[in-house]
Amino acid sequence: MNKFFQRWTVFAGLVAVWQLLGWLADDPFFPPPSEIVTAAWQWWVVDPRNFTEHVIPSITRLLSGWAIASVIGVALGLLLGRSDRAMEYAGPLLVFLRSIPPPALVPVFLLLFKAGQSMQVATIVFGVIWPVLLNSVDGARSVDVTKVDTSAVFRIPRWQWVLGVVLPAASPKIFAGLRVSLSLSLVLMVISELVGTDNGIGSQLMQAQREFDYTRMWAGIVLLGVLGYGLNTALLAVERRALAWQPRSRDEQHA
Amino acid sequence: MSNMLEVADLGHTYGDYEAIGGLTFTVRAGELVCVVGPSGCGKSTLLRTISGLIAPSRGDVSLKGSHLAVVFQDYSRSLFPWLSVQGNVEFPLRGLPRAERRARAAEALEWVGLGAAARKRPWQLSGGMQQRVAIARALAYRPSLLLMDEPFASVDAQTRFELEDLLLRVRREHDTTVLVVTHDIDESVYLGDRILVLSGSPARLVADLEVPLPAERDQVTTRTDEAFVALRSKVARLLNVGGKPAMDVEKWAAAERESLSETVST
Numbered sequence: 001m002n003k004f005f006q007r008w009t010v011f012a013g014l015v016a017v018w019q020l021l022g023w024l025a026d027d028p029f030f031p032p033p034s035e036i037v038t039a040a041w042q043w044w045v046v047d048p049r050n051f052t053e054h055v056i057p058s059i060t061r062l063l064s065g066w067a068i069a070s071v072i073g074v075a076l077g078l079l080l081g082r083s084d085r086a087m088e089y090a091g092p093l094l095v096f097l098r099s100i101p102p103p104a105l106v107p108v109f110l111l112l113f114k115a116g117q118s119m120q121v122a123t124i125v126f127g128v129i130w131p132v133l134l135n136s137v138d139g140a141r142s143v144d145v146t147k148v149d150t151s152a153v154f155r156i157p158r159w160q161w162v163l164g165v166v167l168p169a170a171s172p173k174i175f176a177g178l179r180v181s182l183s184l185s186l187v188l189m190v191i192s193e194l195v196g197t198d199n200g201i202g203s204q205l206m207q208a209q210r211e212f213d214y215t216r217m218w219a220g221i222v223l224l225g226v227l228g229y230g231l232n233t234a235l236l237a238v239e240r241r242a243l244a245w246q247p248r249s250r251d252e253q254h255a
Numbered sequence: 001m002s003n004m005l006e007v008a009d010l011g012h013t014y015g016d017y018e019a020i021g022g023l024t025f026t027v028r029a030g031e032l033v034c035v036v037g038p039s040g041c042g043k044s045t046l047l048r049t050i051s052g053l054i055a056p057s058r059g060d061v062s063l064k065g066s067h068l069a070v071v072f073q074d075y076s077r078s079l080f081p082w083l084s085v086q087g088n089v090e091f092p093l094r095g096l097p098r099a100e101r102r103a104r105a106a107e108a109l110e111w112v113g114l115g116a117a118a119r120k121r122p123w124q125l126s127g128g129m130q131q132r133v134a135i136a137r138a139l140a141y142r143p144s145l146l147l148m149d150e151p152f153a154s155v156d157a158q159t160r161f162e163l164e165d166l167l168l169r170v171r172r173e174h175d176t177t178v179l180v181v182t183h184d185i186d187e188s189v190y191l192g193d194r195i196l197v198l199s200g201s202p203a204r205l206v207a208d209l210e211v212p213l214p215a216e217r218d219q220v221t222t223r224t225d226e227a228f229v230a231l232r233s234k235v236a237r238l239l240n241v242g243g244k245p246a247m248d249v250e251k252w253a254a255a256e257r258e259s260l261s262e263t264v265s266t
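Protein sequences appear in the order of chains A and B. Per the UniProt record's numbering, residue 1 is the first one in the first sequence, and the count goes up by one each step. Per the UniProt record's numbering, residue 1 is the first one in the second sequence, and the count goes up by one each step.
Just chain B, same shape as in the assembly (with noise of 0.2 Å):
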């Protein structure tokens, strides 16, 4: 299988702080990886290099094809509340014929389940309606990688059930390529093909794991089956969960300013 997203030796630095650490590693097509890291490990600037929102201090990133869709932790944020739902997910297609735009943005809104509610304001809708906006927006602009950053962080816990159900299936349906980043163990268990597991800052590849489960999988039983239950104690494990942090808050909370004052001047 071909690789649709290839990594490598990528390694970002803020001033004297060195966020990533020569990350190396690839994503194939077809394929759902999920990032495992402690909070605050550098992953969100992993998902800004990826994405291109930031140019990477050393390293290549380089992506098969050019469509690259980013769904944000903060739905919220993300979506332009002056559109209607059907206008937001119409909102990357503005290069195409009108006809085309709407036909691609109502069935991505089908995928989802959100086909009644086109015509609404985002803000009309829940939390995890509003993320599966986001979700559909990403999918219409048909990426060639989806990247997620921290996706269901912001709903609670059914809703969160809910919508990684509804990434499995999508994605299965549509081959998508998809790259969750993730701190949460269970839910990269849940729903990786694989997970890439990163060390506090510096941000470096701990581990890179095959999820040995089955492509159908169920909130009940696939998370009682012994084999998820095995890999989830192993990531968390190399995780050092329960251990020290093994990070410098201080530090990372002053970096992480300054990478958003960097985007803010652009």
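Isolated chain A (complex conformation) (with noise of 0.2 Å):
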């Protein structure tokens, strides 16, 4: 209790000082917490049509996105990870895409995709590929020597080698790239939903600013805040079960 305190007093300070001069100022570009939270609550939850038109179509994105990007990553990380001869040829290529920031992209996805549903996607797994990828190398390179010695002596088959000894050698790294991409399919979720679409939390984002509607525009941001904050308490839990087995994983781990 006494740390569930800790945790959120200077959360809950700075709601309370932005609610003081939201009242105080009675400006319509920053409208006081209440009002927002309102506001999100009507719009977001209370209204069913635009949960099922804007809200689920963005989180379907982002997550689809998110889960495609780690399963490719994972597989590619780790066949780099352990041929020395595939990364010195796939090295550079790897460095240049991934400095290309991914917004960047988005006028190429959608020549290729069309607006839409799959150029979104697109769009995030592209832009969230590299965390993923570049952990999982580096994690399947950490495999000890002792332990690629014990694997080659036993002569164990090529499947166990790689989901019995690489995979779980690798899943710490592995798991820390998972959770910068999920940070980080929101961001591009949200830059994917500005051009070329009408439906999704991004869309809905900018179109009440166009409107000049600072309380919905606001309301959108605390509803990716909220979403933010979900997913990544979510990801920490299966995370925290997955590496259970770690010695040291409790005091190594992030708060």
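I should point out that these hints are in silico values taken from the structure, not numbers from a laboratory. Glycine included, every Cβ here is placed at the ideal spot set by N, Cα and C. Check each hint, because a few of them may be wrong.
As the list claims (entries may be wrong) - Between beta-carbon pairs, the in silico distance windows are:
#, chain 1, residue 1, chain 2, residue 2, range
1, B, Gly65, A, Thr60, 54 to 64 Å
2, B, Arg58, A, Gly91, 33 to 43 Å
3, A, Ser99, B, Ala157, 55 to 65 Å
4, B, Ala103, A, Ser99, 28 to 38 Å
5, B, Ala106, A, Pro103, 55 to 65 Å
6, B, Ser126, A, Arg241, 36 to 46 Å
7, B, Gly15, A, Pro103, 42 to 52 Å
8, A, Val162, B, Arg58, 28 to 38 Å
9, A, Pro101, B, Ala103, 55 to 65 Å
10, B, Gly65, A, Ser118, 48 to 58 Å
Said to hold, decoys possible - Covered, in the sense of this in silico footprint (three residues per stretch, anywhere, with C-beta under 8 Å from a C-beta of chain A), are these stretches of chain B:
#, region
11, 77-84
12, 88-102
Combine both chains into one complex, guided by the hints.
Below, the structure written as structure tokens:
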């Protein structure tokens, strides 16, 4: 309970200050949190149409983009990580591709996939694959020599080598990559929804801005924050279970 | 008695550095042979060539039967922390049906006295217990040859005695053929039926000695036995203990690094 208060005092304090300032200033650009939360509740949750037309599609995009990137990233990463030659060939290409800001590719994906779901998912995949991929490469390389030798001596089948040794050995790094990618997914989901679509949280945000409906705009921002927080918490819970075997995982884990 | 392992003119060079220079010896079925040599004399290279981890530059290694297990010195790295003790022992048995895998692992854990620790994680056990898990894993695999690379060099003296006796007991009970690589002269005499003494780099066979001690050994009485003391001194003289080191440390370290990077890339 103590810890709970410790963690949330600063947050609650800032909201309270904003609330106070919001009341005093009475500025249309910065409505007080109470109004924002009420609007968010009304707009996103109570109105079932907004929920199904905007919130659900956004979350679907985000999760499918992240999931596709994760699967490709981990598979490719483990492969590249265990082969020096493959990495020598692919390394420069990876660094080049990673350096391209994903939003810059939105027009390219627009051409390739037309406006809509697949273009948005493609943008997310391209943007978030790098942390997973590079962390998987790193993790796969970190399998220590004695474990490599042990596996070789016992002549275990290839699938057991990949799934039973390389993957678990790399999993702490993979999870670090997955977490970065998940928060990036949220960013790219919003960006991908800014053009060529009229559904999704991002497009609603833009629309509210254009219509000078600042309370609704803030409501969208708050929703994104809640979404990001919730997803990260969920992933952390999964990670804690998956990596429970780690001898010192408790101390090393970020708060 | 038939030969379990035959090594003929085995040699290995890293670049222009010769680590092993033409070794020929055999290990008979059911025998426990110790290989002793000065540190860095190429013992690890020998073990890696026999176990097939690196291909030797020349010569032949032929093993009767295809199964070979290795117990490494560094148990904490050799065991898989994400698997339970039971899971670690089952690790090399993937090809078998689940029930048989279970039974074999449980049995091997009983042999090393760790039946009660099956569900723990390796890192929850002491060093000596972890090395027992590694030994159980090797035994569960039913190897035709059990290779051990400085198996007790990372545990304290007390545990070391316990593990030595454990090894003697399980190999007697299960008629396992064992090749132990060590730099510890006392250990080689205490454990071995035969001792292969190697010279410094490149490793060459200096002597192949029978150990004239009864099969039943005891940490206190055996170590004070005249035959033990005599053989121990003989091996020490052969290894030129107290004399000048016969190896080029710099050269050896470079070669060792090379051999490591060789394995990493596979």
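Quick rundown of the hints versus the structure:
Remark: the range hint 54 to 64 Å for Gly65 of chain B to Thr60 of chain A is upheld by a beta-carbon distance near 56 Å. A beta carbon spacing of about 36 Å between Arg58 of chain B and Gly91 of chain A agrees with the range 33 to 43 Å that was offered as a hint. Here the CB-CB span from Ser99 of chain A to Ala157 of chain B is close to 57 Å, well matched to the stated 55 to 65 Å. Ala103 of chain B and Ser99 of chain A have their C-beta atoms about 55 Å apart, which leaves the hinted 28 to 38 Å range violated.
Between Ala106 of chain B and Pro103 of chain A the Cβ separation comes to about 57 Å, which falls inside the hinted range of 55 to 65 Å. Distance hint for Ser126 of chain B and Arg241 of chain A: a CB-CB separation of about 27 Å, inconsistent with the stated range 36 to 46 Å. Remark: the range hint 42 to 52 Å for Gly15 of chain B to Pro103 of chain A is upheld by a beta-carbon distance near 51 Å. At roughly 34 Å, the beta-carbon separation of Val162 of chain A and Arg58 of chain B lies within the given 28 to 38 Å, and the hint holds.
Range check, Pro101 of chain A to Ala103 of chain B: Cβ separation about 58 Å, and the 55 to 65 Å hint holds. For Gly65 of chain B and Ser118 of chain A, the Cβ-Cβ distance of about 56 Å falls inside the hinted range of 48 to 58 Å, so the restraint holds. Coverage of the region 77-84 of chain B by chain A holds. Counting CB-CB distances below 8 Å, 6 residues qualify, and the rule asks for three or more. A count of 4 residues in the region 88-102 of chain B with a Cβ less than 8 Å from any Cβ of chain A is obtained; the coverage claim is therefore met, three being the minimum.
Violated hints, listed in ascending order, are 4 and 6; each of the other numbered hints is respected by the structure.
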